[in-house]
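Asks: Take a look at the letters that make up each chain.
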Amino acid sequence: MTDGTPRGALTRAFADEWGRIVASLVRTTGDWALAEDAAQEAFATAATTWARDGIPRRPGAWLTTVARNRALDRIRRGATERSVLAALREGGEAVRELEPDDVPDDRLRLVFTCCHPALPLEARVALTLRTLCGLTVEEIAHAFGTSPAATAKRLVRARQKIQRAGIPYEVPSGAALPARLNGVIAVLYLLFTEGYAPSDGTAVVRPELSGEAIRLTAVLADLMPAEPEVLGLLALEHFQDSRRSARTADDGSLVPLDEQDRGRWSTVAIAAGEQALAAAERSAATPGFMLRQARIAALHARSLGTGRTDHAAIATEYAALVVMSPAPQLALARAVAVGLAEGPAAGLALLDELEPTGALRASSSLPAARADLLRRAARFPEAAAAYRAALDLVRTEPERAFLERRLGEVSGAPG
Amino acid sequence: MRYVMLVRVDPDLAATTTVDDVDPWVGEGTRRGLRLDGSPLEDPSTATTVRVRDGEVLLTDGPFAETKEIVAGYDRLEAPDLETAIDYASRHPVAAIGALEVRQVWEDFVAERDGEMPPTRGDGIDYLFLHVPEPALLRTATRETGDPTPWVRSVEEQGTTLGGARLKDEADAGATVRSRKGELLISRGPFAEVAEQIAGIDLIRAADLDEAIAIAAAHPTARIGAIEVRPLVAG
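Those protein sequences? They're chains A and B, same order as listed. Note that the first sequence covers residues 1271 to 1685 in our numbering. Note that the second sequence covers residues 14 to 248 in our numbering.
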């Protein structure tokens, strides 16, 4: 990225400056679409100008100025009626105030507005990707398997609701902050997991989405350095990301954690995870949800150095998580962890208590977990039946390939 | 007697039918002293539905129920009797592309304030709250937990209320009026497409949606049902 070419500089500037520029323009114009369009035009202009005239000394300032001027042009031309009205409502101040300033809170406000709980979840995710990460409508549509038209409509409706329903452009204060921050963390984590473990399709990972999530979480951690849950999320993302290239076999199938080639784990990402985790532990009075998840991810990562995974410690963290959240996926993960720590029978006993409700009912994860513990208990015919049940429900190709391989293994084994 | 008229539009009919301007209808209401005030609402896609369960505020995007005819505005009426209110409602242009739900106000539901009314806020965004209790939960509400009086007093103190009304749901206290192919169709009682009836409205002036949500969440209806928060069309 630091290759000194105009293209490299532009890529870097895009990562560093997009959210900042849009956030500042949203504040000064009050018009989301205008802010995004002006930022887009500034980067398009940079692509041709920088290649011709060279990289400006301060790329960020250059882009901010160009974007501001584009926004001003549009307001003056009356190209967007709403922004003119907004400018008039502000007594013309909006136009005067379009200075190339950067109020540090701008991006933070934008994060909270994009992730506002009065917006539908899909819109929160799409808006975050568009407004804060600068993904195009086509890229967002591609990432979530929707049509560009549907994605564009979703974004238009979300922006309309923000403006017309009066969703505030500010960081919530006082008692409202913890719940709203959890909402932001949930959106970022969803973004990351969609990148890391897509809910459908053929890819095991969509690195571009998880990369965006990590970048945005790092920005959030910078802006809210005293929030242990944000740091916990950042640590969790780094740890999971460290195993990204080891999660996929050459044939595209999923590789489970205990069979991964640990030589392919990224020590750089693990170090970043440990650093964020240490910062989270320092600022946490009591460990929160994300911090505990990060601890689990760290325990897996540390097996790289020690050669063994501390399953008992992992099971302890899951036991605490299950108390914090009723999500059935967590109870499932806990059962698997107990199965690895205390033996398959203990894990299977916990699985038997688990009611397949909600998302778990239609998911392959419950029969797949049962199959794995039965396999470990050498109860092969039962394991084969459970693998078949999981294959009936599986939705991604890499996971299907993995389950079929396992089914082959237990079918051939003496039962 | 006082009435609230909910203006409901069928988007399919609205897309294919041109209707008369509403100004003459408003003019008639003003002239005859039938219409107190009213406003169109922003599109239902700007709605937020607020519920409180186990002390937690739950938000959903959009209206409380998907109905063929969506609430697109409201009017507050004053008429000597229901027949006069229905007659006036039947001349509303939306009768041809939707329905006018006329509901008598339960006037003594919350006692009048003792003493002077604090001033109303000068600026902010105006929202219409639609109160929708769940029949099963409504039955469990006691006189104390379901009484909106403390809430009404508090929005009066804050200066955030522009008025509210509990609506009667008896068959003889309301009617839904439509006009199709020149024929007037009147069904007695509240709007009947969904099981949950709109039991009341409030008009709230808040700084932003967050404040409006907080005000809605403090109302008893949020615990025994839902409150749909709809921004009014500004201006």
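Calculated from the structure, these hints are not laboratory results. The beta carbon of each residue, even a glycine, is placed where N, CA and C say it ideally should be. Some hints here could point you the wrong way.
Which residues of chain B face chain A? A few of them, derived with a C-beta cut under 10 Å, are [as the list claims (entries may be wrong)]:
#1 ILE138
#2 ASP182
#3 ALA184
Mimicking EDC-like on lysine to aspartate or glutamate, the simulated pairs with C-alpha atoms at most 20 Å apart in a straight line are [what the hints assert, rightly or not]:
#4 B:LYS181 x B:GLU209
#5 B:LYS194 x B:ASP56
#6 A:LYS1423 x B:GLU96
#7 B:LYS81 x B:ASP185
#8 A:LYS1423 x B:ASP223
#9 B:LYS181 x B:ASP56
Asks: The structure should be examined with respect to each hint, and the outcome stated for every one.
Replies: Against the structure, the hints come out as follows:
1. ILE138: Given a least distance of 4 Å, the restraint on ILE138 (chain B) holds.
2. ASP182: Hint violated; ASP182 (chain B) Cβ to chain A Cβ min 28 Å, cut 10 Å.
3. ALA184: With a minimum Cβ separation of about 35 Å from chain A (threshold 10 Å), the hint on ALA184 (chain B) is violated.
4. B:LYS181 x B:GLU209: 14 Å, holds
5. B:LYS194 x B:ASP56: Violated - the C-alpha atoms of ASP56 (chain B) and LYS194 (chain B) are around 26 Å apart, more than 20 Å.
6. A:LYS1423 x B:GLU96: Violated - the C-alpha atoms of GLU96 (chain B) and LYS1423 (chain A) are around 44 Å apart, more than 20 Å.
7. B:LYS81 x B:ASP185: Given that 20 Å is the threshold and the Cα spacing comes to 24 Å, the pair is violated.
8. A:LYS1423 x B:ASP223: 24 Å, violated
9. B:LYS181 x B:ASP56: 26 Å, violated
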